[in-house]
Amino acid sequence: MKRIISLTINGRKAEDAISDNTLLIDYLRDQKHLTGAKKGCDGGECGACTVLINGAARPACITLAATCDGAEIETIEGQARGGRLTALQRAFHENLGTQCGFCTPGMILSAEALLRHNPDPDDAEIRTALGSNLCRCTGYTKIIASVKVAAEEMRS
Amino acid sequence: MSEPLPDFRLLRPETLDQALAALAEPGAKPMAGGTDLVVNLRRGLVDAPILVDLSGIAGFATIELSDDGLTIGAGVTLAALAADVGVAARYQAIHDAAEVIAGPGHRAAATVGGNLCLDTRCLYYNQSHWWRKSNDFCLKYRGDTCHVAPKGNRCRAAFSGDLAPALMVFDAIAEIAGPDGRRSLPLAEMYHEDGADYLTLAPGEIVVSVRLPATTANSAYDKIRVRGAVDFPLAGVAIACRDAEGGARSLRLAVTGTNSMPLTIEIADLPAGGDVDQFCADLEKAVQKAVSPQRTTTIQPHYRRLAASALARRLARRLL
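Sequences listed follow chains C and R, in order. Terminal number for the first sequence in the working numbering: 156, no gaps in between. Terminal number for the second sequence in the working numbering: 320, no gaps in between.
It is worth saying that the hints were derived from the structure and are not from the lab. C-beta atoms are modelled at their ideal positions from N, C-alpha and C, and glycine is treated no differently. Careful, some of the hints might be misleading.
As the list claims (entries may be wrong) - Partial list, derived from the structure: chain C residues whose beta carbon lies under 10 angstroms from chain R:
| # | residue |
| --- | --- |
| 1 | ARG127 |
| 2 | LEU134 |
| 3 | ARG136 |
| 4 | THR138 |
Said to hold, decoys possible - Here are the simulated SDA-like cross-link-like pairs (lysine to any residue), alpha carbons at most 20 angstroms apart as the crow flies:
| # | chain 1 | residue 1 | chain 2 | residue 2 |
| --- | --- | --- | --- | --- |
| 5 | C | LYS2 | R | GLY59 |
| 6 | C | LYS39 | R | ASN40 |
| 7 | C | LYS13 | C | GLY82 |
| 8 | C | LYS39 | R | LEU5 |
| 9 | C | LYS2 | R | LEU11 |
| 10 | R | LYS29 | R | GLU266 |
| 11 | C | LYS2 | R | GLU266 |
| 12 | C | LYS39 | R | GLY44 |
| 13 | C | LYS39 | R | ARG43 |
| 14 | R | LYS289 | R | GLU266 |
| 15 | C | LYS2 | R | ARG9 |
Using the sequences and the hints, build the whole thing.
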């Protein structure tokens with residue numbers, strides 16, 4: 001079955017024909033050419049596909065695109081505005097929170113969702129918020145440090 | 001790479017009546033947050049020409065807390081349940097359980113009804129199609145032998161929902177709607193000890209809400225898992241502790257992850273001035289005797305049995 005979905009992606013309206021069984025990750029990557037969200041485990045375990053759906057960080061690989069009709073989607077491509085990186089993107093870059101980069105879009109979006117409702121998280125809160133995201137390079141220490149630096153910058 | 005999703009028709013009802021009508025269609029299956037179901041669809045474990053998305057049903061996602069008790073709509077997300085301060089204050093075990101189910105990304109979409117009806121899990125079931133095919137499938141789906149207990153005649157897949165035990169220690173009642181109308185059922189009676197047929201719900205029936213009486217009990221839930229997030233429990237224990245007559249303490253205990261259904265385990269009261277050490281030793285023995293973990297995970301059954309009893313002892317010590 002095909003259907004039309006209307007949604008907002010990174011602030012822009014979109015209207016597309018999709019199949020009922022289209023996953024959000026495939027819709028974003030293949031139809032919208034937004035390849036920032038990665039397919040890692042393909043089963044909701046690694047968080048590389050994380051995008052924001054109505055402000056909540058969710059794994060796009062286990063979300064049906066049809067259930068996002070009317071939703072507001074944010075991907076890593078929509079974070080920087082006018083060529084200026086967000087505080088989180090800068091902090092990950094400057095504090096070595098990113099190495100190979102595969103997990104980074106998911107990490108940044110999970111952290112973004114956290115900082116929007118908790119501007120001053122402690123280590124435990126950051127760890128919990130990033131609990132769905134796996135990184136096989138950094139050992140997480142620098143990721144957590146990056147989130148703290150970004151939070152501090154956003155507060156000041 | 002994993003297989004693409006099979007073809008299906010997705011229906012998105014806006015009312016309960018529409019949902020029940022949609023579920024009456026041949027082969028229709030309900031979907032809530034889809035955080036487990038979509039993974040299983042991908043693995044070729046769900047035979048459903050029609051999926052009925054319950055996430056848009058009006059009035060399905062409300063939490064009502066009063067002096068008479070608590071009613072939680074089946075469509076409440078785990079994130080919303082974990083964030084509810086009233087629930088945390090009066091029904092701590094439910095808060096504890098909701099807060100640690102899967103990961104934050106799942107909890108934003110996964111629901112109470114979905115977690116209560118969560119498919120049972122097994123090393124021989126939660127695998128790709130080609131993996132299962134090369135093992136001649138299994139008793140739970142498309143095969144005729146249980147590879148966990150080949151001589152047995154039932155599926156041993158483990159029930160792994162965290163909310164069920166946390167609700168059962170408060171004697172939760174499930175409100176169920178189906179083609180023949182509505183009915184209420186003690187939540188504990190919604191489950192069978194059979195991994196392939198673990199729910200007593202009739203075809204077309206869904207959980208609408210769970211209702212809990214008011215309580216003065218202190219409660220807690222804890223579990224162990226391999227990874228500190230996302231993973232399903234190897235064993236999970238909920239305990240509610242109430243003051244009983246004459247200064248005695250009365251414990252209600254329920255376990256998940258060890259059997260094909262969540263279990264309530266009967267524990268004798270701790271009399272006033274009773275020996276807490278002896279009580280906890282007896283409690284551990286009772287849990288070890290009641291649970292029946294099988295080779296359904298990479299972690300050995302013996303360890304999971306001990307883990308369940310150790311969790312029970314820890315929680316009991318905290319609450320007594």
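Structure-based check of each hint:
Evaluation of the ARG127 of chain C hint against chain R yields a held restraint, the C-beta minimum of about 8 angstroms falling below 10 angstroms. For the restraint placing LEU134 of chain C at the interface with chain R, the shortest Cβ-Cβ distance is roughly 9 angstroms, inside the 10 angstroms limit, so the hint holds. For ARG136 of chain C, the suggested interface contact is broken, since its CB lies about 13 angstroms from the closest CB of chain R, more than 10 angstroms. For THR138 of chain C, the suggested interface contact is broken, since its CB lies about 17 angstroms from the closest CB of chain R, more than 10 angstroms.
The straight-line distance between the Cα atoms of LYS2 of chain C and GLY59 of chain R is roughly 28 angstroms, outside the 20 angstroms bound, and the hint therefore fails. With a CA separation close to 17 angstroms, the supplied pair LYS39 of chain C and ASN40 of chain R stays within the 20 angstroms bound. For the hint pairing LYS13 of chain C with GLY82 of chain C, the CA-to-CA distance comes to about 19 angstroms; that is within 20 angstroms, so the pair holds. For the hint linking LYS39 of chain C to LEU5 of chain R, the alpha-carbon distance of about 15 angstroms falls within 20 angstroms, and the restraint holds.
A hinted pair counts as satisfied when its Cα atoms are at most 20 angstroms apart, and LYS2 of chain C with LEU11 of chain R qualifies at roughly 12 angstroms. Proximity of LYS29 of chain R to GLU266 of chain R is assessed by CA-CA distance (about 35 angstroms); at most 20 angstroms being required, the pair is judged violated. Taken as a hint, the LYS2 of chain C and GLU266 of chain R pair is broken in the structure, with Cα atoms around 52 angstroms apart against an allowance of 20 angstroms. The suggested pairing of LYS39 of chain C with GLY44 of chain R holds, with an alpha-carbon distance near 19 angstroms, which does not exceed 20 angstroms.
Restraint check: the Cα-Cα separation between LYS39 of chain C and ARG43 of chain R comes to about 16 angstroms, which is no more than 20 angstroms; the hinted pair holds. Between LYS289 of chain R and GLU266 of chain R the CA atoms are separated by roughly 11 angstroms; this keeps the pair inside 20 angstroms, and the hint holds. At most 20 angstroms may separate the alpha-carbon atoms for a hinted pair to count; LYS2 of chain C and ARG9 of chain R meet this at roughly 9 angstroms.
In terms of the numbered hints stated before, the structure departs from hints 3, 4, 5, 10 and 11, listed from lowest to highest.
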